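S.K.: Sequence:
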Amino acid sequence: MDVQPVIEGGRWATKAVVGEVVPVSATVFREGHDLYRATAVLIDPSGRVHTRAPMREVGTGLDHWAGAVVPDAVGDWGLRVEGWSDPYGTWCHNAHIKIPAGIDVELTLAEGAEVLRRAAAQASRTKDDATTLAQAAATAVDASLSIASRFAAATSAPVTGILDREPLRELVSGSPTYPLRVDREAALCASWYEFFPRSEGAYQDPDGNWHSGTFETATGRLPAIAAMGFDTVYLTPIHPIGTTERKGRNNTLGARPGDPGSPYAIGSHEGGHADIHPELGDEADFAAFVAAARSHGLEVAIDLALQCSPDHPWVKEHPQWFTTLPDGSIAYAENPPKKYQDIYPLNFDNDPEGIYQEIARILRVWIARGVTAFRVDNPHTKPLPFWERLLGDIRSTNPEVLFLAEAFTRPAMMKTLATIGFHQSYSYFTWRNTKWELEEYFSQIADEQAGVMRPSFWPTTHDILPPYLQNGGIAGFKVRAILAAMSSPLWGIYSGYELVENVPRPGVEEQIDNEKYEFKPRNWSLAQHYGIADLLTRLNGIKRNHPALRQLRNLRVHPTTSDDLVAFSHHLDAAYTPSHVADTVLTVVNLDPHGAREGIVHLDLGAIGLGDLGNGTVTAYDELSGETYQWGAQPFVRLDPAEKVAHVVHLRRN
Numbered sequence: 001m002d003v004q005p006v007i008e009g010g011r012w013a014t015k016a017v018v019g020e021v022v023p024v025s026a027t028v029f030r031e032g033h034d035l036y037r038a039t040a041v042l043i044d045p046s047g048r049v050h051t052r053a054p055m056r057e058v059g060t061g062l063d064h065w066a067g068a069v070v071p072d073a074v075g076d077w078g079l080r081v082e083g084w085s086d087p088y089g090t091w092c093h094n095a096h097i098k099i100p101a102g103i104d105v106e107l108t109l110a111e112g113a114e115v116l117r118r119a120a121a122q123a124s125r126t127k128d129d130a131t132t133l134a135q136a137a138a139t140a141v142d143a144s145l146s147i148a149s150r151f152a153a154a155t156s157a158p159v160t161g162i163l164d165r166e167p168l169r170e171l172v173s174g175s176p177t178y179p180l181r182v183d184r185e186a187a188l189c190a191s192w193y194e195f196f197p198r199s200e201g202a203y204q205d206p207d208g209n210w211h212s213g214t215f216e217t218a219t220g221r222l223p224a225i226a227a228m229g230f231d232t233v234y235l236t237p238i239h240p241i242g243t244t245e246r247k248g249r250n251n252t253l254g255a256r257p258g259d260p261g262s263p264y265a266i267g268s269h270e271g272g273h274a275d276i277h278p279e280l281g282d283e284a285d286f287a288a289f290v291a292a293a294r295s296h297g298l299e300v301a302i303d304l305a306l307q308c309s310p311d312h313p314w315v316k317e318h319p320q321w322f323t324t325l326p327d328g329s330i331a332y333a334e335n336p337p338k339k340y341q342d343i344y345p346l347n348f349d350n351d352p353e354g355i356y357q358e359i360a361r362i363l364r365v366w367i368a369r370g371v372t373a374f375r376v377d378n379p380h381t382k383p384l385p386f387w388e389r390l391l392g393d394i395r396s397t398n399p400e401v402l403f404l405a406e407a408f409t410r411p412a413m414m415k416t417l418a419t420i421g422f423h424q425s426y427s428y429f430t431w432r433n434t435k436w437e438l439e440e441y442f443s444q445i446a447d448e449q450a451g452v453m454r455p456s457f458w459p460t461t462h463d464i465l466p467p468y469l470q471n472g473g474i475a476g477f478k479v480r481a482i483l484a485a486m487s488s489p490l491w492g493i494y495s496g497y498e499l500v501e502n503v504p505r506p507g508v509e510e511q512i513d514n515e516k517y518e519f520k521p522r523n524w525s526l527a528q529h530y531g532i533a534d535l536l537t538r539l540n541g542i543k544r545n546h547p548a549l550r551q552l553r554n555l556r557v558h559p560t561t562s563d564d565l566v567a568f569s570h571h572l573d574a575a576y577t578p579s580h581v582a583d584t585v586l587t588v589v590n591l592d593p594h595g596a597r598e599g600i601v602h603l604d605l606g607a608i609g610l611g612d613l614g615n616g617t618v619t620a621y622d623e624l625s626g627e628t629y630q631w632g633a634q635p636f637v638r639l640d641p642a643e644k645v646a647h648v649v650h651l652r653r654n
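In terms of full-length UniProt numbering, the sequence shown is numbered consecutively and its last residue is 654.
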């Protein structure tokens, strides 16, 4: 009963990625006093049993059992829990009581021999194991030997080892098999870098006229992005931009000559969602950009923004795809108090099949051009059945393609978008600043939501500059980068973060001179002054070197005695690491970017595989500073943002 992880009784598949350690739990019990055990069973996409992983009882008297499985290929898997009677364990328990007490000794040994013979006869048993078990059964009833010798033979290490490895399972009672959808690792563990390709290489001529950057000039930014350790380069919309109601600098009405407009106002006489803005280049130029990105180990993601400029070809060809107001005009997009006069949203209630077929066509065009991920703009404003069908159809032909839901909205909608097929989700991390907010959120994403949502942590976006970063200075930017990169295996950075761009447009949580409405070439030589680029490089390197950080469900919060110190860890048992050595990374961050803070960290030793540490110590190697400490169960920490804002330590047994 109560098998987890299961979504809505199996209506939708639980999520995992290749190599992810998936915790499995259930309530398992039986009648009577005989011993029983439980097994987590992983079924591969062909329908065969891939793994039978033993489960253990957690706690006392609650019949709660837990284990873990690890899928090793992309596909639609199955998961179930089996409870079963353990006749050998039952016999051993009873025999250890009866035989020393001299109660029914011969009968007890005969019962043990019978159990061992049944175990030896299992069809799956190897010949050597069957022989060992059969010999133990014969010895158990050999009256020429002492009772002690006969009992010892039936409970010897070789016998118990065989039955631990392949137990005699009787009265097997299985749960239903529930769906488990397994994606490639990048669905859970990836580092995204966002930039506007038109800004890279943009320049102003002597007459004051702006000239757009191109795919060719944007290619020049790829080596630096790859050198910082990012693996996905995400491009904001690269399609033709309308001129009707074009927005000017800082979202003003009435663009000036030369203002490029918002790339989210998609469509003009030059084409729509399947087309490339001619100022950026053509299909050959985009293909060259994708090839260059791949040569640097970078995947290419683009925006999927299902909206139109008033000049989009769809407005004339399919006017029924939009909402017409009583005065005959088409409704533009609004998110009060924000107004987007340059954008028409689609009305999915009008001709849903026609809209679906066109969007599916557009996706396949970009997939054929080498795009492997889509950041979907505002998916929560479109029907859920549309997304469930679309993402399912794309998955059936291109399971490697990933979708990130940019939906800052109500929790139920965000969760359901993830449930029905979005691989990744924007998150509330951007607004979680205090210790209690972060600790609560970390616990949520790693526990109850981990089988559904894969949260992507972004300190800023091109739309969002939170107050913490407006006021936190360089130290604040470091704090948020460390929190994002070290807590979630999936995170992203918006271009310019390296330059500590933190000046807001008055009255809103976004940057002044927003890049959505103007060209924004940057002087990257200044990045060295801030040290953020070096930090990003270190963080991505740490994630790459520690398999524990490529998991989400193992995120654990550790209490501290300071309201400004937050501590959390990722731990992976030796059985699940490539080196077969346990991997543990503990991060402690000072949330105050302006002052030193100190306190005690109360390590949850069981959560990091050090339950037997006692009064001993572990070696704590700081991956950021290169320093080494000897820490016990309650280390003292002092962090001064003038020197360092965090410890990211690799804990190793002495």
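Hints are supplied without guarantee of correctness; some may be wrong.
[Stated by the list, open to error] When the alpha-carbon atoms are kept at most 25 Å apart in a straight line, the in silico PhoX-like pairs for lysine-lysine are as follows:
hint, residue 1, residue 2
1, 415, 316
2, 338, 382
3, 435, 644
4, 339, 382
5, 98, 127
6, 435, 415
7, 415, 382
Think of the hints as simulated: they come from the structure by calculation, not from any bench. Because the structure is a prediction, the values reported are computed rather than measured.
S.K.: Does each hint hold? Answer for all of them.
M.R.: So, going through the hints one by one against the coordinates:
Distance hint between residue 415 and residue 316 is unfulfilled; the C-alpha atoms sit about 36 Å from each other, more than 25 Å. The suggested pairing of residue 338 with residue 382 holds, with an alpha-carbon distance near 19 Å, which does not exceed 25 Å. A distance of roughly 18 Å separates the Cα atoms of residue 435 and residue 644; the hinted pair therefore holds under the 25 Å criterion. Between residue 339 and residue 382, the direct Cα distance comes to roughly 18 Å. Compliance with the 25 Å bound is thereby established for this hinted pair.
Our distance criterion of 25 Å between C-alpha atoms is broken by residue 98 and residue 127, whose separation comes to about 32 Å. Of the supplied pair hints, the one linking residue 435 and residue 415 holds, its CA atoms being roughly 24 Å apart against a limit of 25 Å. Taken as a hint, the residue 415 and residue 382 pair is honoured in the structure, with Cα atoms around 15 Å apart against an allowance of 25 Å.
The earlier numbered hints that this structure contradicts are 1 and 5.
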